[in-house]
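**Q** Residue-level listing of the chains:
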Amino acid sequence: MAAALSVRELSLRAYDGRALLEAVCLEVPAAGAVRLRGRSGLGKTTLLRALAALHPATGQLALGEETPDSLGRPRWRRRVTLVAQRPRLFGGDVAANLERPYGYRSAESAFDRERAVAMLASLDLPEDVMSREARSLSVGEQQRVCLVRGLLHRPAFALLDEPTSALDDESRSRVHALLAREREAGVGLVLVSHEDDPLGAEPIDLESFRA
Amino acid sequence: MPEGALALSLYDVAGAALLVLVAGVVSLRLRLKLEASLALGVVRASVQLLAVGYALTWIFDHPALWLTALAMLVMTLAATRAALGRAGWTIEGGFAGAFLTLVLTAGLTALVGSAVFVGADPWYAPRYALPLLGMLLGNGLTGLSLCLDSLLEQLAEDAELIEVELALGASRREAAREPVQRAVRRGIIPIVNAMMVAGIVSLPGMMTGQILAGAEPVEAVKYQLLILFLIAASTSLACLGVAAFAVARAIDADACVRPNRLRARER
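In order, the protein sequence lines correspond to chains V and X.
For the first sequence, counting from 1, position 132 maps to 132 in my numbering; every step adds exactly one.
For the second sequence, counting from 1, position 181 maps to 181 in my numbering; every step adds exactly one.
Keep in mind that a hint or two might mislead.
Partial list, derived from the structure: chain X residues whose beta carbon lies under 8 Å from chain V [unchecked claim]:
(1) Glu157
(2) Leu161
(3) Leu166
(4) Leu168
(5) Gly169
(6) Ser171
(7) Asp254
Just a sample of chain X residues kept apart from chain V, beta carbon distances all over 10 Å, derived [to be verified]:
(8) Ala16
(9) Val20
(10) Trp58
(11) Met195
(12) Leu203
(13) Glu216
(14) Val247
(15) Arg249
(16) Arg258
(17) Arg263
(18) Ala264
I should point out that these hints are in silico values taken from the structure, not numbers from a laboratory.
C-beta: ideal position from N, C-alpha, C; glycine also.
Build the full structure now, drawing on both the sequences and the hints.
**A** This is the structure in structure tokens:
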């Protein structure tokens, strides 16, 4: 399933009708990584949401031969998975949060608890965090749980909006190490990030697509 | 007037209205400032009900399909307004959605109830269809407004969480399941409670009215049960219908959350 994510002539508007970006073209090879750059308010977050087919846009979006229409939105989003900047967890414990997407009809694999525990551990979250009430965790812990939830099923591309914004330096480097490992396993990355990027993601300046 | 019914004179009714004066005095003594509202309530109820009484008499004397249908539409429009009037949230197209839902649930249930179960002749006979519709709308609008209010509040306040579900591969039905469950539950609970306590805590209003008007209690009970069941059916369907409508507006056909279609109403 090594397919590139290609974006052709994608144009977006904010929900209030304001034009944000116009005719965005970009191509991310399988397991590649890009970092979207541009001043705030330009539409970086909206573009990420549009790549996940969560925001209406005109233009073409494809993963190899597949499109959001050919796969259907739910299956597209399992392959091109957004992890939003603000951590949002469901009620219940962390395990329930990580397992929940495997209850959807679009699920293509079974919940792998061992992998989940290993990923959490690599982010300095010990196994007992699985049984803790998700919403009682600190913001930094929640952000890491959300990241694990978005990567667990191993999407073709992970769309990460400021994935380390609530983390200290130690956790941040652990996240980078996890992302590097996932990339080696074939997961492509599209990042929005203000920090200097140790992942070697190719910077893409969105200023030129400003509407 | 059935045998055994004791006819009320307008003086009797006026006497009962005088009793409301007691409440007015309490309000004055305790400075509740409700005396004006109480007086207005008495006047409004009198004028509205008398007008309806005369209108119904006229419609019953001239049973025509178009007239019955017109009266049903006007009643349903008024019920829709009342159902949405107090809601804390509004959704684009909400009035049309709620109106259509009530037409398809309360309206159809009233017609089926009077034509099939009561055996009205002609099938649309206003003497049966209109009072039945009134009972169904009165309960249906409460259920619908509780359900819609709860659902819109959740859809607006949990929009980000719903988007997380969608981002992880949920269909829009899966993403909306929990809010819809909670909202429909809230809409149906009043009628479930009414069925639970019927006859124990209170005699339902319609049955009381029939008994006072001279009907045999068991006959009145049969009618009351029929009504309760029709209310339960039409209220549940109205809640489901309006929930389906609201979800389809708040999460579009491409399974994108559309928060801009919801608005908090200023109170």
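**Q** Does each hint hold? Answer for all of them.
**A** So, going through the hints one by one against the coordinates:
With a cut of 8 Å, the hint placing X:Glu157 at the interface with chain V is violated, because the nearest CB-to-CB distance is about 12 Å. Interface hint at X:Leu161: satisfied, since its Cβ lies 5 Å from the closest Cβ of chain V, which is below the 8 Å cut-off. Here the hint on X:Leu166 is kept, as its CB sits about 6 Å from the closest CB of chain V, short of 8 Å. Restraint check, X:Leu168 versus chain V: the minimum CB separation of about 4 Å is within 8 Å; hint holds.
Taken as an interface hint, X:Gly169 checks out: its beta carbon lies about 4 Å from the nearest beta carbon of chain V, inside 8 Å. Given hint, X:Ser171 at the interface with chain V, holds; its Cβ is 5 Å from that chain's nearest Cβ, closer than 8 Å. For X:Asp254, the interface hint holds, since its Cβ comes within 8 Å of a Cβ in chain V; the closest pair sits about 6 Å apart. X:Ala16, annotated as away from the interface, keeps every beta carbon of chain V farther than 10 Å; the closest lies near 51 Å.
Taking the minimum C-beta to C-beta distance to chain V, about 48 Å, the non-interface status of X:Val20 holds against the 10 Å cut. The Cβ of X:Trp58 sits about 51 Å from the closest Cβ of chain V, beyond the 10 Å cut-off, so the non-interface label holds. Every CB of chain V lies more than 10 Å from the CB of X:Met195, the least distance being 31 Å, so the non-interface label holds. The beta carbon of X:Leu203 is kept farther than 10 Å from every beta carbon of chain V, the shortest such distance being approximately 42 Å.
At roughly 53 Å from the closest C-beta of chain V, the C-beta of X:Glu216 stays outside 10 Å, upholding its exclusion from the interface. With a least CB separation of 15 Å from chain V, X:Val247 remains clear of the 10 Å interface cut-off, as annotated. For X:Arg249, the shortest C-beta to C-beta distance to chain V comes to about 14 Å, beyond the 10 Å cut-off, and the non-interface label holds. Not every CB of chain V lies more than 10 Å from the CB of X:Arg258, the least distance being 7 Å, so the non-interface label is violated.
With a cut of 10 Å on Cβ distances, X:Arg263 stays outside the contact zone with chain V, its closest approach being about 13 Å. No beta-carbon of chain V is positioned within 10 Å of the beta-carbon of X:Ala264; the least distance is around 16 Å.
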